[in-house]
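**Student:** Take these sequences, add in the hints, and give me the full structure.
There are 2 protein chains.
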Amino acid sequence: MTKSNTRFKEGFNQCLDLIDGQDVGTELPGEVNIAEMLNISRTTVRNILSSLNDLGIIDWQGRVKTILRHSKKAERFSDRETSPVSEKIEGKFLEWILQGDIPPNTQLNELELARQFDVGTSTVREFLISFSRFGLIEKKLNHRWVLRGFTKEYALELSYVREMFELDAVRNFVDFPDDHPAWEKLDRLEEEHRSLLDHIETRFSRFSELDARFHATLTSVSKNRFVTEFQDIISLIFHFHYQWNKKDEKERNEAAIREHLTYIAALRSRDGAQIQTEAVKHLSTARQTLLRSLLEN
Amino acid sequence: MTKSNTRFKEGFNQCLDLIDGQDVGTELPGEVNIAEMLNISRTTVRNILSSLNDLGIIDWQGRVKTILRHSKKAERFSDRETSPVSEKIEGKFLEWILQGDIPPNTQLNELELARQFDVGTSTVREFLISFSRFGLIEKKLNHRWVLRGFTKEYALELSYVREMFELDAVRNFVDFPDDHPAWEKLDRLEEEHRSLLDHIETRFSRFSELDARFHATLTSVSKNRFVTEFQDIISLIFHFHYQWNKKDEKERNEAAIREHLTYIAALRSRDGAQIQTEAVKHLSTARQTLLRSLLEN
DNA sequence: CAAATGTTTTTTATTGATAAAAATCATTTG
DNA sequence: CAAATGATTTTTATCAATAAAAAACATTTG
Chain A
1 MTKSNTRFKE
11 GFNQCLDLID
21 GQDVGTELPG
31 EVNIAEMLNI
41 SRTTVRNILS
51 SLNDLGIIDW
61 QGRVKTILRH
71 SKKAERFSDR
81 ETSPVSEKIE
91 GKFLEWILQG
101 DIPPNTQLNE
111 LELARQFDVG
121 TSTVREFLIS
131 FSRFGLIEKK
141 LNHRWVLRGF
151 TKEYALELSY
161 VREMFELDAV
171 RNFVDFPDDH
181 PAWEKLDRLE
191 EEHRSLLDHI
201 ETRFSRFSEL
211 DARFHATLTS
221 VSKNRFVTEF
231 QDIISLIFHF
241 HYQWNKKDEK
251 ERNEAAIREH
261 LTYIAALRSR
271 DGAQIQTEAV
281 KHLSTARQTL
291 LRSLLEN
Chain B
1 MTKSNTRFKE
11 GFNQCLDLID
21 GQDVGTELPG
31 EVNIAEMLNI
41 SRTTVRNILS
51 SLNDLGIIDW
61 QGRVKTILRH
71 SKKAERFSDR
81 ETSPVSEKIE
91 GKFLEWILQG
101 DIPPNTQLNE
111 LELARQFDVG
121 TSTVREFLIS
131 FSRFGLIEKK
141 LNHRWVLRGF
151 TKEYALELSY
161 VREMFELDAV
171 RNFVDFPDDH
181 PAWEKLDRLE
191 EEHRSLLDHI
201 ETRFSRFSEL
211 DARFHATLTS
221 VSKNRFVTEF
231 QDIISLIFHF
241 HYQWNKKDEK
251 ERNEAAIREH
261 LTYIAALRSR
271 DGAQIQTEAV
281 KHLSTARQTL
291 LRSLLEN
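If you read the sequences in order, they're chains A and B.
Take the first sequence: its position 288, counting from 1, is numbered 288 in the UniProt record's numbering, and each next residue is one higher.
Take the second sequence: its position 179, counting from 1, is numbered 179 in the UniProt record's numbering, and each next residue is one higher.
Among the hints, erroneous ones may be present.
For chains that are exact copies, the list does not tell them apart, and a pair is met inside one copy or across any two.
[As the list claims (entries may be wrong)] Distance condition first, Cα-Cα at most 30 angstroms in a straight line; then the derived DSSO-like pairs of lysine-lysine: (1) K3 / K185; (2) K3 / K250; (3) K247 / K3; (4) K140 / K223; (5) K3 / K139; (6) K92 / K139; (7) K3 / K246; (8) K9 / K140; (9) K3 / K152.
Calculated from the structure, these hints are not laboratory results.
**Tutor:** Structure, rendered in structure tokens:
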């Protein structure tokens, strides 16, 4: 096998969505238009159109693409098929080390991982190299990769830098003029928080994603690529943390939403001391939740 | 070609050093011993010994390895041959982007870089992935690598985080007891600084390496992998900065040494305010030197 | 019998090949 | 003739093969 055609498959599914949302007989937009919508190249769009044509879902002649029928469930590609190998391996690997109780200092073996995740060795290699920025694994030249482990030390070191970056970032809010774009983003975030709070009973698990966006928005005012990069690490670690630590999830998330709201109010106050207080309080809650989930394992 | 045997070649040269430093007729130590000395595996040591035996430099019979003669210059491997491909490419690439005036947003092409640096495409790929942590290049899936460039913004963002980390780290010195190992390290560093100052006329270019060790020692007290990791980035960038910005090098380095000495004195004083003052002063000098070298290009 | 050497197995570093996807260039059409 | 399509070229993602290096196992020797 070579490069996987997940882009094609995902785009294909998205095209089916587009088609099913319209009446039979309608025409599809131009190739460039579709390419922009799906965020893929026109080359791939044409492959998709060609495939849809072969299946008799559309009739494609030059610039006229007519919808002939809606899709059947079986014609869609499954979710498993639509994410690229490099993405799949990330999820599998994180699940393996964060869930699997692999002890610290375990040595990792490229070939074995390749077999385990059913990918080529180069893919594993590239993944491990890019993953090393998370600080969970390590290697020296000509030696094996070593899992440092998702330990208490890890959580503390991660949280420490996180707090330093975020406390530094939010100090900027004191001086932001009323028309600074950050305020508008905060407005929208606040709204989303309130709406989530209103439906907390059923939608509490959506908090994870909102949390990531909230903190990313705060640190983004630093306009510093190293801070942004680090925030990505935080997001991924917390994403998996939320995904697996389901104990008291609703209560934890509800409490966190309320902390966010107080935090937002503090930012709006432009009072440096108050901002600092709320930031410290919330970040410390977050750190403790992360730590607790480790100790419970 | 497959895996390059640079480890062998480097070890071979080191063995020649060992041999030339002793009289003909002397015996070499055991294999395990040599392996530890050269920091390579016994397997490679045996290959080296075997090669030395074939060349008639030693006589190797079981555990007896007798030196037959000293080496000739031509028998050594050249420096070029003794560093692994992955290391060579790093130097070449940095030279290319930091020296070559490549404009920001230039698109990089794996195949072209592979040809340019005379390595395989996978090696380039792996290098680019690992190099991306420096924040100088960037890529999105299925798209090309883009050079963000060694710009003023880069230097500022880098310096900003550096200052945050180091200022935070040196705050710890206030509370270190007299027997904390950091003091001893500082003592030795101070000595090296004074000695360098005494021979500044001739040895000024050795400051680069001392500078890296000095700052690494300071930030290492944070005991935080993300800080340490970041310090590596700083070291490499400054290493290349020192290597190429030769203007007023002696004066700059002498001034920096004096700042380091004041900085060390401040740390010893355990006076938080004074430490802060000297840290800020020196880090700001460093930032400005880095910036100036950019603007002069 | 512990430490050194000899032998075999495992693992990494590096390459090149190939299909997918993107990018570019050429042609058509309203 | 600008915007869309058609055809071609370039570039990336992924894999599998192989020699170097490390690691593990087995045997010898003082």
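**Student:** Evaluate each hint against the coordinates.
**Tutor:** Hints, verified against the model:
Taking the shortest alpha-carbon separations for K3 and K185, neither the intra-copy value of 39 angstroms nor the inter-copy value of 51 angstroms comes in at or below 30 angstroms. Taking the shortest alpha-carbon separations for K3 and K250, neither the intra-copy value of 41 angstroms nor the inter-copy value of 53 angstroms comes in at or below 30 angstroms. Neither within a single protomer nor between protomers do K247 and K3 lie at most 30 angstroms apart by alpha-carbon distance, with minima of 40 angstroms and 49 angstroms respectively. Taking CA atoms no more than 30 angstroms apart as the test, K140 paired with K223 passes between copies only; the shortest distance there is 19 angstroms, against 33 angstroms inside one copy.
When the C-alpha separation of K3 and K139 is checked against a cutoff of 30 angstroms, the pair qualifies both within a copy, at 27 angstroms, and between copies, at 18 angstroms. In this assembly of identical chains, the alpha carbons of K92 and K139 lie at most 30 angstroms apart whether taken from the same copy (20 angstroms) or from different copies (23 angstroms). With identical chains, the CA atoms of K3 and K246 are never at most 30 angstroms apart, being 36 angstroms at best within one copy and 46 angstroms at best between copies. For the identical chains of this complex, K9 and K140 are inter-copy neighbours only, at 19 angstroms across copies versus 38 angstroms inside a copy, given an alpha-carbon limit of 30 angstroms.
Taking the shortest Cα distances, K3 and K152 never come within 30 angstroms of each other, neither inside one copy (39 angstroms) nor across copies (38 angstroms).
When held up to the earlier numbered hints, the structure conflicts with 1, 2, 3, 7 and 9 and fits the remainder.
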